[in-house]
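Peer 1: Using the hints provided, position chain W relative to the given structure of chain R.
2 protein chains.
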Amino acid sequence: MQIHPLDVILHKRDGLPLSTAEIEALVRAIVDKTITDAQIAAFLMAVFFRGLNPEELAALTKAMRFSGETFDATPLHTFTVDKHSTGGVGDKTSLLIAPILAAAGLASPTPAGVPGICVPMISGRSLGHTGGTLDKLETIPGFDTQLSMPRFEEVLHQCGAALIGQTPRLVPADRILYGMRDHTGTVESPFLICASIMSKKLAESLNGLVLDVKVGSGAFMPTYEKSKFLAELMVSTGELAGTRTAALLTTMDEPLGRFSGNWIEVWECVDIMKGIRSPMSADLIELSNVLSGWMLFFAGKSPSPEAGAKLADEILLSGAAYKSWLQIVAAHKGDTSIFENPAAFHKPTATRVLKASCAGYLSGMDCTEVGWAVQRLGAGRTKPGDPVSAHAGIESHAKIGTKIEEGQPIFTLYSEDAALLDEPYRMLAATIEISDTKPTPQPLVREIITRDTLAL
Amino acid sequence: MQIHPLDVILHKRDGLPLSTAEIEALVRAIVDKTITDAQIAAFLMAVFFRGLNPEELAALTKAMRFSGETFDATPLHTFTVDKHSTGGVGDKTSLLIAPILAAAGLASPTPAGVPGICVPMISGRSLGHTGGTLDKLETIPGFDTQLSMPRFEEVLHQCGAALIGQTPRLVPADRILYGMRDHTGTVESPFLICASIMSKKLAESLNGLVLDVKVGSGAFMPTYEKSKFLAELMVSTGELAGTRTAALLTTMDEPLGRFSGNWIEVWECVDIMKGIRSPMSADLIELSNVLSGWMLFFAGKSPSPEAGAKLADEILLSGAAYKSWLQIVAAHKGDTSIFENPAAFHKPTATRVLKASCAGYLSGMDCTEVGWAVQRLGAGRTKPGDPVSAHAGIESHAKIGTKIEEGQPIFTLYSEDAALLDEPYRMLAATIEISDTKPTPQPLVREIITRDTLAL
Chain R
1 MQIHPLDVIL HKRDGLPLST AEIEALVRAI VDKTITDAQI AAFLMAVFFR
51 GLNPEELAAL TKAMRFSGET FDATPLHTFT VDKHSTGGVG DKTSLLIAPI
101 LAAAGLASPT PAGVPGICVP MISGRSLGHT GGTLDKLETI PGFDTQLSMP
151 RFEEVLHQCG AALIGQTPRL VPADRILYGM RDHTGTVESP FLICASIMSK
201 KLAESLNGLV LDVKVGSGAF MPTYEKSKFL AELMVSTGEL AGTRTAALLT
251 TMDEPLGRFS GNWIEVWECV DIMKGIRSPM SADLIELSNV LSGWMLFFAG
301 KSPSPEAGAK LADEILLSGA AYKSWLQIVA AHKGDTSIFE NPAAFHKPTA
351 TRVLKASCAG YLSGMDCTEV GWAVQRLGAG RTKPGDPVSA HAGIESHAKI
401 GTKIEEGQPI FTLYSEDAAL LDEPYRMLAA TIEISDTKPT PQPLVREIIT
451 RDTLAL
Chain W
457 MQIHPLDVIL HKRDGLPLST AEIEALVRAI VDKTITDAQI AAFLMAVFFR
507 GLNPEELAAL TKAMRFSGET FDATPLHTFT VDKHSTGGVG DKTSLLIAPI
557 LAAAGLASPT PAGVPGICVP MISGRSLGHT GGTLDKLETI PGFDTQLSMP
607 RFEEVLHQCG AALIGQTPRL VPADRILYGM RDHTGTVESP FLICASIMSK
657 KLAESLNGLV LDVKVGSGAF MPTYEKSKFL AELMVSTGEL AGTRTAALLT
707 TMDEPLGRFS GNWIEVWECV DIMKGIRSPM SADLIELSNV LSGWMLFFAG
757 KSPSPEAGAK LADEILLSGA AYKSWLQIVA AHKGDTSIFE NPAAFHKPTA
807 TRVLKASCAG YLSGMDCTEV GWAVQRLGAG RTKPGDPVSA HAGIESHAKI
857 GTKIEEGQPI FTLYSEDAAL LDEPYRMLAA TIEISDTKPT PQPLVREIIT
907 RDTLAL
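Each protein sequence line maps, in turn, to chains R and W.
Counting along the first sequence from 1, when you hit position 13 you're at 13 in my numbering, and nothing is skipped either side.
If you count the second sequence from 1, you need to add 456 to reach my numbering.
For reference, chain R alone in the conformation it holds in the complex (with noise of 0.2 Å):
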């Protein structure tokens, strides 16, 4: 029996449940361009307003996961996992996971010669006020984010990672969702959000994922309460689909790490792989090393996740993590010779700093507001396709919590253009907070989601 597009929009308007029939006729309808653009818009904004059912969110999912070419991972008898984050300010976790996972893979290689954990990373760009892992990536010098699939498993292979970009080919109807959602007015539902997120993940052929859900003043969901829904979607769906899923709620209210921006973020996990730890990338290191244990024990390398984040920390002080990063950059074909001095490499031509104009305490921002100054210093991008500045961004110089005197830098700012410095700075100032009285910092970590928590 054939399925019309405009009976599946009426069931889902009118609350029925959809069946997997439908949903995939939907998708296929989709990427085939045989249903207008105007059905896809009624059909997620009923979705906006009814919801998917697991049973739906499921089937969307692997219909989007199928729905153009896919990575097979089988062919290398690996344990394959991966970690998505839902955008942060200063989030550069990927680049210290990516090759402490690939660390541990090389050094328990399958009986075939295959890293015995492998991370096939398909990342995204900076858009909005969060930064995006392929735009640090770029500013290694020759660093290929491009690379075609049988390549992508051959450096699998070599460096157990590979770290590339979505390409035209893989999830094409998320691409086609994605665009029509920005501008009919459907970006914020848990149910699209988790199905476009899930769908790109789950086309890597995983094993395990571990999921960073924001919370706070510089997460994308606007309340812990919808984070959380997000996060039991996103772990119900991914362990439907047969991956091991956990979603770690983790807090943004304040830049993640000492740098925000592009190659100062590069720079600042290069310096943490080569030892060197500045006491502004305590959270980072700490983030890092929770997200890469629940990875390592879904991976089998630890008998707990919390035995799994001291692997981590193991791997990264003994120089493991950056022998990983150099062969992995390698491959993909960047300048290493860079990392030996990588502040010298950062040259931004224009630079402010912000100084605290009292004493006390420094007790919050709008983390969002930050993420935006980052991005107008050029650092991000006001549309896709937009360059992004290789040099701009801030430096943070206190986190919330600390006590500060007056005139004290709170942040530096750097740009490559210094009519740039203005806005930014005028938006930190108004935005951070000092107060008489020591705030009560949040945890890095306030909940964990598993297939255990959710009772699956």
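Among these hints, one or two may not hold up.
Claimed, not checked - Under the rule of at most 35 Å between Cα atoms (straight-line distance), these lysine-lysine pairs were calculated in the DSBU-like manner:
| # | chain 1 | residue 1 | chain 2 | residue 2 |
| --- | --- | --- | --- | --- |
| 1 | R | K226 | R | K323 |
| 2 | W | K684 | W | K789 |
| 3 | W | K839 | R | K33 |
| 4 | W | K779 | W | K682 |
| 5 | W | K779 | W | K730 |
| 6 | W | K894 | W | K684 |
| 7 | R | K33 | W | K489 |
| 8 | R | K383 | W | K489 |
Think of the hints as simulated: they come from the structure by calculation, not from any bench.
Peer 2: Coordinates of chain W only, in the frame set by chain R:
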């Protein structure tokens, strides 16, 4: 401040009241095509779920009404009044009401010599299971439904009524939204139905408007409550726009009158206007008189709607309506000679009689199914632009509540293609119900909605 369509979508989606400026900007963007189809669809679906408050509905109707060319009756200095039906089977009241009102208007000219009442009727075509006035009129050889605006005004001035079709320049926003709703699952929103109907009717520059909102198995709205809700929305919107408006909830459980089709409906009306009253036409005459009564009352030609209905019947019986009819048809270049023997002009090439399979009382039918049977015989169309058969249709031989004998004719089916008889015959046979007990017939007029009943 510039208004972005996306913000209007988001506000409606989130249940915030839209300002008149927002609605005007949206309708302008729809007509100027500066908004995508996807955005229009997202807005329509958001309205489907959120509805519109009275101010929003009035603003949307007004913005649509003035979205293109409008008819301005002010220069005529007369009372303009029209009727609109939500669509029925065999519903040909417009063909009687226009000449009745025109006759009343001609009998009471203004000091400037213009008819004291003018009916500037802009009608639609058959679609779905319901018939369309234009298709019926166009069976009259030569009848031109595409008058220019100056000619439309001329015919009104001369005859007191003119009947034309929608033009691309009249209410273009509705044309775009109507086409969009059809394939995005947003047809059934009473708010969008109201805006569509009322924007087109109010574009006729009306002082008075009477709405015939059908209830029962042949009605467009699925329940009595939904029909009533739509009626209330339309009366409130009309009165807010300064047009005296009444809505009559009328029964549509079986075809209205004797014939359902195109030419045969004209024939039935010509007979009535000549004073030939088949018992099968009693419901049609009653409804035409009641609707005309409200229009005459609004126009100040009768002290009450009831007195107006009596006056309408007198105009019919006196032959004045027929005289007006001949004038109107002639002004539209129609050949009035065929009215001399309308039965002779009825030339179906295939006929079949559906007889009662048992004795009893005709107790019911699915009137929508009867409408579809009429359409399948060739009288209606599957999609806009399809041709319709002038001579296809059905003749009713019994009304609900009638005692019938086994083998007594219930319907005669007419078509211009013998191959088209089988399916409608089966549909009609399957839907008519004959029972042992006499059913309690519904009154024709069930309820009347006015500014008084709404306490506006």
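Peer 1: Check the hint pairing K779 (chain W) with K730 (chain W) against an upper bound of 35 Å on the C-alpha distance.
Peer 2: holds (9 Å)
Peer 1: For the pair we were handed, K33 (chain R) and K489 (chain W), check the Cα-Cα distance against 35 Å.
Peer 2: holds (21 Å)
Peer 1: Quickly compare the C-alpha distance for K779 (chain W) and K682 (chain W) to 35 Å and report which way the hint goes.
Peer 2: Roughly 39 Å between the alpha carbons, so the hint for K779 (chain W) and K682 (chain W) is violated.
Peer 1: If you draw a straight line from the CA of K226 (chain R) to the CA of K323 (chain R), is it 35 Å or shorter?
Peer 2: violated (39 Å)
Peer 1: Within a Cα-Cα threshold of 35 Å, do K839 (chain W) and K33 (chain R) meet the stated pairing?
Peer 2: holds (22 Å)
Peer 1: Within 35 Å, alpha carbon to alpha carbon, are K383 (chain R) and K489 (chain W)?
Peer 2: holds (22 Å)
Peer 1: Do the alpha carbons of K894 (chain W) and K684 (chain W) lie within 35 Å of each other, as the hint requires?
Peer 2: holds (28 Å)
Peer 1: Taking only the CA atoms, is the gap from K684 (chain W) to K789 (chain W) under or equal to 35 Å?
Peer 2: Between K684 (chain W) and K789 (chain W) the Cα gap is close to 39 Å, so the pair fails against 35 Å, i.e. violated.
In this structure, the earlier hints numbered 1, 2, 4 are contradicted, and the remaining ones agree with it.
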